[in-house]
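There are 2 protein chains.
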Amino acid sequence: MKLASIRSSSRDGQLVVVSRDLTKAVAVPQIAPTMQAALDDWSNIAPELVQVAAALEQGAVSGSFAFDPSNAMAPLPRAYHWVDGSAYVNHVELVRKARGAQMPESFWTDPLVYQGGSDDFLGARQDVPVPSEEFGIDLEGEVAIVTDDVPMGTKRDAAFQHIKLIMLVNDWSLRNLIPGELAKGFGFYQSKPATAFSPVAVTPDELGDAWSEGRVHLPLVVHINGQPFGKPNAGVDMTFDFARLVEHITLTRNARAGTVLGSGTISNYDRSLGSACIAERRTLEQIEQGKPVTSFLKFGDSVRIEMFDGEGRSIFGAIEQKVVRA
Amino acid sequence: MKLASIRSSSRDGQLVVVSRDLTKAVAVPQIAPTMQAALDDWSNIAPELVQVAAALEQGAVSGSFAFDPSNAMAPLPRAYHWVDGSAYVNHVELVRKARGAQMPESFWTDPLVYQGGSDDFLGARQDVPVPSEEFGIDLEGEVAIVTDDVPMGTKRDAAFQHIKLIMLVNDWSLRNLIPGELAKGFGFYQSKPATAFSPVAVTPDELGDAWSEGRVHLPLVVHINGQPFGKPNAGVDMTFDFARLVEHITLTRNARAGTVLGSGTISNYDRSLGSACIAERRTLEQIEQGKPVTSFLKFGDSVRIEMFDGEGRSIFGAIEQKVVRA
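Protein sequence lines correspond, in order, to chains A and B.
Counting from 41, one number per residue, gives the positions in the first sequence under the working numbering.
Counting from 41, one number per residue, gives the positions in the second sequence under the working numbering.
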């Protein structure tokens with residue numbers, strides 16, 4: 041099943057069921073008005089949505105219309121909880137290596153996450169407003185899951201059942217604000233502007249065999265200004281799977297319905313696959329050529345992030361955004 | 041005007057208007073079903089709520105009932121944005137001094153904030169579940185504001201008008217998890233369990249002259265297990281006022297309606313007033329006696345946080361919670 045939130049008079053948009061090929065959609069106000077409402081009562085509501093999705097595939101629903109990704113808000117236009125992992129530890133190791141710092145051994149066994157802002161998510165085709173190019177504008181291509189209610193103290197084995205939806209993320213970062221902000225000791229804030237998500241969120245079964253052991257085993261295809269930039273495989277070198285990350289985030293808290301949990305920037309040891317952020321490419325240039333060569337983004341630059349199934353069909357629709365002056 | 045969210049069949053509770061003396065309440069489903077709904081359209085909805093509040097004071101509404109703080113959820117039972125400042129810089133300086141570290145001069149001019157979890161706020165009388173006493177359970181007594189939509193790039197002067205509600209906070213902290221977590225570089229996560237709020241949120245005019253220049257000029261009265269622990273004045277030694285903090289949090293982002301912004305632990309240079317967290321008292325003991333003496337909290341311990349007007353009347357109702365094993 042594929043779901044989206046399309047623009048409406050509500051801040052939360054209108055929940056729609058989207059066809060597998062992303063061409064058609066149908067609103068389901070009689071089942072749930074919004075994505076959050078569906079997640080708040082997922083065990084009762086999901087089966088009804090699944091029925092609509094099946095009927096939509098068969099052309100057996102009335103009121104369907106063409107699905108337009110540019111009319112999609114983030115699947116959750118605003119969320120109560122956005123926590124982003126840094127599960128590709130080789131990426132962390134690489135970045136530290138470039139600045140001559142050792143990474144603690146514990147990073148291989150103890151997940152690293154940060155709490156992100158979730159009141160103002162961007163839709164997949166919305167412009168990305170930034171006050172200044174001097175801030176070092178960068179993408180971060182990721183996968184994220186959405187959970188139902190996960191009680192405090194949930195272990196990895198019990199966490200899988202709480203993973204209800206999967207989507208793509210562009211976790212926009214302002215690289216030149218990060219060192220100063222992290223030096224203050226309390227994590228990211230100004231250095232993380234609004235995060236963007238794919239047009240649709242999908243249930244794990246939509247991924248077939250590609251969803252396995254809490255990982256999405258498919259390449260994330262990244263283009264900048266229409267040029268291929270990277271296609272690292274999200275299932276490779278992901279040190280902590282999503283279920284392990286759910287265990288981590290519920291050690292001392294409940295994670296409530298609609299929790300969005302990101303993988304962190306996807307990164308593979310196989311450097312021939314490119315990167316899912318400019319910072320990593322610059323780090324590799326630093327190591328290999330003695331200095332970074334690739335620039336961060338300028339106003340007018342565009343980024344496309346997408347993931348395809350084995351037959352080359354887009355699973356989530358594309359995140360395709362342009363950076364603009366705020 | 042005083043507002044609360046009381047328990048209902050909804051995760052977001054039911055919005056009620058509460059009398060100035062905190063004894064009576066009336067539901068307002070015909071105006072707004074929830075606190076978030078009111079904040080989403082505050083300019084239209086607040087005037088209607090103000091009329092109800094006036095009628096409630098005059099005993100001129102039907103359907104009012106006794107207000108029971110133990111039936112109150114957090115004013116926003118879940119929020120899209122919780123960002124907590126550390127505006128009492130003398131507190132930061134003190135903590136650093138105790139561990140022999142210099143605080144950068146920039147801390148006096150550049151606010152420090154962290155992004156907190158907002159999907160699972162605690163009501164004022166809810167127990168505080170923690171998995172282990174070994175985590176170092178501590179309170180943090182604070183004041184918080186709630187905003188309407190604040191656009192990116194809002195300066196301090198323009199920020200005042202966006203401050204719509206004020207409430208008290210207990211920003212529970214797990215002190216023994218903090219050093220390890222902050223050493224990882226991405227800020228707090230596991231070390232910050234669910235945050236608790238006062239039974240009611242009030243509009244700034246309810247504070248009269250005590251609300252001035254973006255600060256609340258009243259003592260925050262803290263008791264632990266019924267014994268006085270501290271009564272630092274929230275208006276004293278607050279290096280960054282709330283309007284300045286709003287400017288800080290909107291440099292690169294919009295802050296959307298229902299943003300909850302905390303002051304950080306209230307702390308005065310006048311040490312005779314005590315502290316609003318155990319960590320600060322332990323730091324003072326370390327400096328004065330060579331070692332900390334006061335223990336962190338144990339299961340069964342209770343904390344009370346309250347603020348009174350010039351006539352000794354409770355403004356927000358009390359946060360009064362017991363720590364329990366999760």
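Don't take each hint at face value.
You can't tell identical chains apart in this list, so a pair holds if it fits in one copy or across any two.
[Claimed, not checked] Here are the computed lysine to any residue pairs in the SDA-like style, where the Cα-Cα straight-line distance is at most 20 Å:
no.: 1; residue 1: K204; residue 2: I264
no.: 2; residue 1: K224; residue 2: D160
no.: 3; residue 1: K64; residue 2: A100
no.: 4; residue 1: K331; residue 2: V129
no.: 5; residue 1: K195; residue 2: A94
no.: 6; residue 1: K224; residue 2: V129
Think of the hints as simulated: they come from the structure by calculation, not from any bench.
Bear in mind that the values here come from a model prediction, so they are computed numbers and not experimental data.
Results of checking the hints against the structure:
1. K204 / I264: neither (30 Å within a copy, 42 Å between copies)
2. K224 / D160: neither (24 Å within a copy, 27 Å between copies)
3. K64 / A100: For K64 and A100, only the intra-copy Cα distance (12 Å) is at most 20 Å; the inter-copy one is 53 Å.
4. K331 / V129: neither (23 Å within a copy, 38 Å between copies)
5. K195 / A94: neither (33 Å within a copy, 51 Å between copies)
6. K224 / V129: Answer is between; shortest inter-copy Cα gap is 13 Å, intra-copy 23 Å.
Taken one by one, the earlier hints fail for this structure at numbers 1, 2, 4 and 5, listed in ascending order.
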